[in-house]
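If you read the protein sequences in the order shown, they are chains A, B and C. Residues 11 to 208 (the numbering used here) are what the first sequence spells out, left to right. Residues 140 to 428 (the numbering used here) are what the second sequence spells out, left to right. Residues 63 to 634 (the numbering used here) are what the third sequence spells out, left to right.
None of these hints come from the bench; they were simulated from the model. C-beta atoms are modelled at their ideal positions from N, C-alpha and C, and glycine is treated no differently. Be a bit skeptical, because a hint or two may be false.
Cross-link-like lysine to any residue pairs, in silico, SDA-like; alpha carbons within 25 Å at most [claimed, not checked]: (1) B:LYS319 / C:ASN389; (2) C:LYS606 / A:GLY40; (3) A:LYS20 / C:ALA634; (4) A:LYS20 / C:GLU631; (5) A:LYS20 / C:GLN592; (6) C:LYS502 / B:ARG206; (7) A:LYS20 / B:ARG206.
Here are some chain B residues the structure puts well away from chain C; computed CB gaps all over 10 Å [to be verified]: (8) THR199; (9) ALA211; (10) HIS212; (11) ALA242; (12) ASP309.
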Amino acid sequence: MTILARLAEKSWEPASDRDPHEPGGRPSAGSVGLTVYFAVAGVMFSLLGAAYFMRMGLHAAMGHADDWVSMPDPPLLWINSATLIASSLAWEIGRRASAEGRAARASLAGAALGLCFLIGQWLLWRHYQAAGFYLSSNPANAFFYLLTALHGVHILGGLIAAAWVLAERNPAHLRLCAIYWHFLLFIWILIAALLLST
Amino acid sequence: MPIAVAIAMLVLGSVAFHLFSPWWRTPLASNWGSIDSALDVTLWICAAAFILLNLFMAWTLVRYRHRAGHRAHYEPENSSLEMRLTFWTAIGIAGMLAPGLAAWGRYVSVPQDAAIVEAVGQQWQWSFRYPGPDGVLGAAGVKYITPDNPLGLDPLDPFGRDDLLVEAGDLHLPVGKPVKVVLRSKDVLHDFYVPEFRAKMDLVPGIVTYFWMTPTKAGTFDILCAELCGTGHHEMRGKVVVESPKAFAAWQAQQSSFGQILAEAPPAALSILLIKANACIVPATWSIR
Amino acid sequence: MATTLADDLRPLHHPHSWVTKYVWSQDHKVIAIQYSVTAIAIGLVALVLSALMRLQLGFPGVFPAIQPDNYLQFVSMHGMIMVVYLLTALLLGGFGNYLIPLMIGARDMVFPFVNMLSYWLYLLSVIVLVAGFFVPGGPTGAGWTLYPPQAISEGTPGHQWGIATMLVSLAIFVAAFTMGGLNYVTTVLQARTKGMTLMRMPLSVWGIFTASVMGLLAFPALFVAAIMMLFDHFAGTSFFMPTMQSMGAVTSTEGGSPLLFQHLFWFFGHPEVYIVALPAFGIVSDLISVHARRNIFGYRMMVWAIVIIGALSFIVWAHHMYVSGMNPYFGFFFATSTLIIAIPTAIKVYNWLLTLWRGDIHLRVPMLFAIAFIFTFIHGGLSGLFLGNVSVDVPLSDTFFVVAHFHMVMGVSPVLVIFGAIYHWYPKITGRMWNETLGKIHFWITFLGVYAIFLPMHYLGILGVPRRYYALGETAFIPQSVHMANEWISIAALVVFAAQSLFFINMIWSLFRGPKADPNPWGAASLEWQTPQTPPAHGNWGPKLPVVYRWAYDYSVPGAPRDFIPQTEPRA
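Could you build the full structure based on these sequences and the hints that come with them?
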């Protein structure tokens, strides 16, 4: 039944009495919960993106074009992105693996690469600091640090969840972790694109 | 039963309160009668709804109260009734919205012949600036502010020389002439509000905002700050004096211009003022409009 | 992960000790009580703050301990506590947690551990908030709206530390709320018992569910705004901070936008008020139908109205910003969307009235509160039309008209529903019945008293009396009668506050000495009243989950032996 059909149901009529022993078919609570969480985090990052454009546009409109200085993209930015992609690949292999051992190993590799990403991000921050791009110098920097910090916090949360799930050895949860990881990669691609294009 | 009586009494009491309370709009002293009319239309429609719905409820509470042998009527829905109610509600809403939007359309369209006056807000006082004979306000900004240049005019901008400055004094306006009030804040958010004029607008540091109106009655009115701006918010007051064009011109003739202030400033103060201006290069034709 | 669809008790966490039963509990009913008690406690703090505000407004100069800076701190903390820490937490964390699993036939929420964490994080957020009273400079005095640059600039109370505790507390609250909201939404979607289709759920669930979805999408805006303001305050960034002087010295920040904060704040703020209103709408529908022995009139339209109001609430936010200095042309759009949202809201009012009409109305205390809700909500909703209609809003914004409006729709109507709901479900939650006389006295003083407080305020606002003013001073257009009005309003407020003690006495006394209640004293059809034990035991339903055969509103069905048919009763 489509959602619209469900909402148009006249539930006081006997005809609405569907077979109470409806076959399973509902997605698991975990996957629904995760999808809802994607909506929340997605809204958060989108609002930051909107704020980014508004702040940037304000500059140009006020003639303060020099207030907004784009940050350069050092090789480390690309290396970290590659690490995150590799991490997602490993998680995906783990998600699709039928053998439990292989799934666990691939997921472990994914988590380890995720940790490498996080360390790489921290190194990237230090690189920018050393090059003189401080948080308060201009808004482009501020958004960079803020966006990467919030993304990093989500990666950290994902690593904690991964540790729990790997210890617990629940294949359904492992699959959910993999999807979460892909979501974080998706967000990272959007952030990187935003930062690189402006 | 008491509840039904209470509801009916509250409806009557509210109507009586509206008719007999001493508190209603201040007498209008500007051209914004269209805002008052839009409010009146909204009021009539809302009052009708308030009275009808609540008296219906009071009647229902009596008619359908529980008593021995009484049973409720089973009726899950009545789509056609709901459609009709929705339709008429939409008509009522549109009836309110139309005059409101029409008035807003006028609010955002500043007449070509409007004079310009600037109100500068700071914690916690109002200052004003007139463009002078050249009709153009000189460039200004927070970075130019010094103790001798409290409104932050750019000393290198020729348009600012004839600007008349009223620091922490009264705003004067000629009656009957449309004026665009341009708003600038030196520090935090404020709002310029004169109840008799009906119009108001926030002052936002970093940008210039505005509203326009035509004062229609001579008199002295209070300016209130209408955006919380700190502990002195309730004391951030000013006065606007609306007077005949002749009296206004006479008053203007007594105000100091920025050029005069520059001429009279001691050399040390003047050099500080000029140092601020070298912060960046400002084209001579830049002005606030 | 506990998917409580299964017909056994396996997925539930079973507590073993007193501590895991009542403190670190994962049972939704215990968590609901924890949320409710905490929310009401902090709400009483906010009530005291409002009493202090009214003392100043009614009797200016009489209390030298109330000065402009602490007055503004009372105003700000009162507002934020009431909206977020009381109403949102109580309606969603309290009522949502208690009612959802029981009304849909689940044993508990789907993520009970996360649910428990959400409460403790909420408690932490309250503690951090209260810490604001003890930091140097005291709590923020920037208004509940926390607008920069004033919130973090000289001249505003708490601009150094109070604002920081506020922002950190809000960020923690958002995390707590997200955990809770994930639970409420996923549980409604995934854990309904057999036969409980979406359209057989009571409107209480629809209201809380929709509000939870909205909260999940709206709170990130507050979170982001709070983080960015913290950065501006402590890290020298300029998200919101423009070039400005601050008490004589030019700050070095440049180019930030105070309007950006306002957009983010109200993108959260407007849905937030509907997050408070929608659960109240849903709950009051159930109160009315039970006590009028009549199905809620137009159930489908009521559901659609809740969902449409929820969706529309995301595109009306800038009606809080008509005179903010934003692009003036936005006013046309937001006035239109705001007045459109009045239409589904009006439908709900009509349907509540049509449920009473041709009903069999029992004027018990919960019904009295529901009726009072309808009366005050009609008033408050209509006054909102004045403010939504952009040009009419211009003279009214930042006056007492706004204060009167939002108190009617947020402080009066939902609170009346909360009282009605507590009286209504008290026998189910505690197994005891409260004293009816005390309940009626509490009702009458509260209802008449709050109307006496807020009706005159509308007129003060139309006159032009501004809000957030410590004192009105000598102002030509403000006659002496306004000062008299403020005195009377303050006295009415103090009487209403005092009368709330009757409620607490009744609730607490009845807990220990009230007569044992019938498991379904009101003859209600919805599922929460059909539990095998009252109060419901851990796991709610005993060994077998219930099966549902009908909607929640089979009242006064022709031909039926009683005037209600429980949802679990099979069709003949």
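Outcome of the hint check:
1. Distance restraint check for LYS319 of chain B and ASN389 of chain C: the Cα-Cα separation of roughly 16 Å lies within the 25 Å cut-off, and the hinted pair is therefore satisfied.
2. Taking the CA atoms of LYS606 of chain C and GLY40 of chain A, the gap is near 23 Å; set against the 25 Å cutoff, the hint holds.
3. The straight-line distance between the Cα atoms of LYS20 of chain A and ALA634 of chain C is roughly 19 Å, inside the 25 Å bound, and the hint therefore holds.
4. Among the hinted pairs, LYS20 of chain A with GLU631 of chain C is consistent with the structure: their alpha-carbon atoms are about 18 Å apart, no more than 25 Å.
5. Of the pairs offered as hints, the one joining LYS20 of chain A and GLN592 of chain C holds, with about 23 Å between alpha carbons and a cut-off of 25 Å not exceeded.
6. Annotation: proposed proximity of LYS502 of chain C to ARG206 of chain B holds, straight-line Cα distance about 20 Å (limit 25 Å).
7. For the hint pairing LYS20 of chain A with ARG206 of chain B, the CA-to-CA distance comes to about 31 Å; that exceeds 25 Å, so the pair is violated.
8. Distance check on THR199 of chain B: its Cβ comes as close as 5 Å (rounded) to a Cβ of chain C, failing to clear the 10 Å threshold; non-interface status is violated.
9. With a minimum CB-CB distance of about 4 Å to chain C, ALA211 of chain B fails to clear the 10 Å threshold, and the non-interface call is violated.
10. Against the 10 Å criterion, HIS212 of chain B falls within the reach of chain C, whose nearest CB is about 4 Å from its own CB.
11. Not every beta carbon of chain C lies more than 10 Å from that of ALA242 of chain B, the smallest distance being close to 4 Å; the non-interface claim is violated.
12. The beta carbon of ASP309 of chain B sits about 14 Å from the closest Cβ of chain C, which is more than 10 Å, so the claim that it is off the interface holds.
Hint compliance for this structure: hints 7, 8, 9, 10 and 11 are not met, and every other hint is.
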